[in-house]
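Could you use the hints to bring the two separately framed chains together as a complex?
If you read the protein sequences in the order shown, they are chains A and B. According to my numbering, the first sequence holds residues 19 to 179 in order. According to my numbering, the second sequence holds residues 14 to 294 in order.
The set of hints was computed from the structure by calculation and includes no laboratory data. All residues carry an ideal CB built from backbone N, CA and C; glycine is no exception. A portion of the hints provided could be inaccurate.
What the hints assert, rightly or not - Have a look at the derived ranges for each label pair, beta carbon to beta carbon: (1) A/GLY141 - B/LYS273: 57 to 63 Å; (2) A/GLU177 - B/GLY215: 46 to 52 Å; (3) A/LYS20 - B/SER34: 30 to 36 Å; (4) A/GLY141 - B/GLY215: 50 to 56 Å; (5) A/TYR107 - B/ASP206: 48 to 54 Å; (6) A/PRO123 - B/GLN110: 25 to 31 Å; (7) A/ARG62 - B/ILE287: 35 to 41 Å; (8) B/ARG104 - A/TYR107: 50 to 56 Å.
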Amino acid sequence: MKRYSVAVLGVGGVGKTTYVFRLLGLSLKPRATLRPGIYRLYLRDREVDFIDVPGQVATEVARNFAKAWTFYVDLMIYMYDLTDQSSLYAIAELHSALLDRGITPYKKVVLIGNKRDLAEELGLFVEGDEIANAVGAAKIYYISALKDNIEVLYKPLEENI
Amino acid sequence: MIPRDDIVAGIVNTPLAALLSELEEVKPSPRLRPLLDFLADIGLLQRKGDKYKKAQHPPRPYEASPLAEAVSELFQQVVFPYLVSGRRVARLTTELQRALYTYTTAFQNMRVVVAQELMRYGGLTLVAGWFPCGFSSELMSIAGRDVVIVEEREELVTLEMDRLSLIPLAPAPLGQELAAASFYAFENLPLNDVKAVAEKYGRFDAAVACQRGPELNALKEVAEEVYYIKPRDSVMSFLNETLLDALGLTHPLDEEKALKRAEKEEVGPFDVYILRRAGPA
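So that you can see chain B by itself, here it is in the shape it has in the complex (with noise of 0.2 Å):
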């Protein structure tokens, strides 16, 4: 479910990667151990002790697909220079808004079986941070919701909203009927501001996380039932966290907590956690 051949050939095709190639050993400052760490992870070193060797049997460049070269593009221009200096993104460039655009094509199909398997048919529902795993058009064709998604950059959603465009847009939220337009709505704010959201839309009845969102608790007071997810995957895990920390983006920070109480649910390599609101006593 998750094109990992791809991610890893995106890693394997820059000229960092061909530069450790080279190495036969790295021991690296402090600063620089969870780079190196992430590339251990992905095959291209082994660790032994505080240093890094080359790994005998390292991934080899292939010819990259359009996911590899998003990757290979935001590993370079995003990941590495946060990782190196804390450096961060401020402004996204036309390839940058191109490559993060792409880069969520490799949660499509977790979007696909998530809006099939594990929601119910219709209902206003939120979208809280678009990026990583771009949550959009599956939940109204799948799901039949009505859907408001929030994204903190309004760079990153420009060609989103741009592929939105070609279904035809319903005047208002439409429930559970099928029909031949969808509503949906953009809006541009601070993750932690979803109350406001609430205030112009109502009540949702679910929202949707992936590794992104307010305090899950606060979402919890918008939304009747709360869907967060999240890789299992290390390398997924490590390049979403990275993108969304040199992108300036928000996280939960209160996820290990609010997850205890929430159902689990395994889609191929993430978990979903449902959180729902407590029934009137």
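Extracted from the complex, chain A is given alone in its bound form (with noise of 0.2 Å):
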């Protein structure tokens, strides 16, 4: 069975730990991630370590742990809010820090823009293509982790690993 790992990388409150238990099949409201986490999740004949950063209340953290990356995943999913354009500009910020180090750690990039229930709710949709174009991503995918069902939210994986 190949073996493959993905991270999730974005800011407090995107809900980046939302859409990892989604995809665990749980449907729980999360607390604040404290620590970087692992989940395994199997899609077909593919192992799946999906790396959930802690991001939630203070960037810093996240930004640090941009530094401290060691290691090299096959997806990188960038995850904003789809109602906050801070946390899309945020995004670039990560990404800097990530290529300061001089290496691409990533195989492939990804651009989420969750919570879209909501942007639809307060018709304010923050589109992300020009950050997009900026990160590199292969493509953006606007996604409710909440309410979508779990076809939709598996497309990113299986799209692009």
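Here's what the structure looks like:
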């Protein structure tokens, strides 16, 4: 069985852990993620180690994690909140913190705009095209980690690893 | 919360299940009775006095998931030989290591819920036996714990060590803070030596044991609180116990007595017993 690693990076409250929990089939409202964690998923014949990075509350922690990054992942998911422009701009910051080390620590990168349900309700939809171009993301996905069905949530993984 | 269909599929997809489906009736020796009772529990056979009949509507083999394949491998290479001849597994092949590692995925959602719903933030936590439930990274990310994992057979945790090496390692326990790295350590020791682990790391804030561990009273001596977890599902419980016995892994002997005074919480099909150290008089 082939093993893959995926990391999800973004600042506080964008829904990274909610997304991971949904992929696991859990609909719990997560606590703040305090430390990096790894979850294991199986996608047919592929084993995926899914790395969830703390970012909740402290942008600084996510930035420090980016600086302390010691490994190479098959897929990097940058996640932002579709109702919060600053969470999108923070992606560019996290991305440069990663690249400051002089290497690209991932094979492929995609951008996920989360909380689509809330964005639609508020009529406030922060498009991610510009940042996606800047970070070299292969694709942008607009999702609701809370409400979309599991097939939709699996797409970023299935289409990119 | 338990992927029971995958577990049943794993058993149903074995040659033994195929053989039994061709026999109308079996009268086993007493030694084989636990195995046939187990197969009756998953619906492959029906008990009829001291005999076992083919079930009228047995579960059918279907496309196997990675977990089902792991269960098949473990059933054929570990569980079945142990129940039939008492043969223990001396050496873990790469395939068995991988199957045992995959088997721990069956408990992932339970681990997440226990860490999130029952545990307080922070503290040094002892995992008294990594197999079968596989507690590790969830304790760090969700409950902010610093973790020491003790396992009796080093080959059992090789893949988990490899997996955890993906996340940055903090040089020392962090306490409760939000951090970009986690503190974790592995110790290869008999579980009955937990006192030696406490001498090295200091007293633990909590210990987690899932159908494993030394005597629970010994765990209470090294940790402020002990989370002891048992599946209520008879199939899973039997499979775990047989795997532990066949692999020569320790499980507590004072379970019944020690758990009488424990708090009990239900997490899906698991009972979580919490033993707390008595406060000062």
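Results of checking the hints against the structure:
no., hint, result
1, A/GLY141 - B/LYS273: 57 to 63 Å, "holds (59 Å)"
2, A/GLU177 - B/GLY215: 46 to 52 Å, "holds (48 Å)"
3, A/LYS20 - B/SER34: 30 to 36 Å, "holds (33 Å)"
4, A/GLY141 - B/GLY215: 50 to 56 Å, "holds (55 Å)"
5, A/TYR107 - B/ASP206: 48 to 54 Å, "holds (52 Å)"
6, A/PRO123 - B/GLN110: 25 to 31 Å, "holds (28 Å)"
7, A/ARG62 - B/ILE287: 35 to 41 Å, "holds (38 Å)"
8, B/ARG104 - A/TYR107: 50 to 56 Å, "holds (55 Å)"
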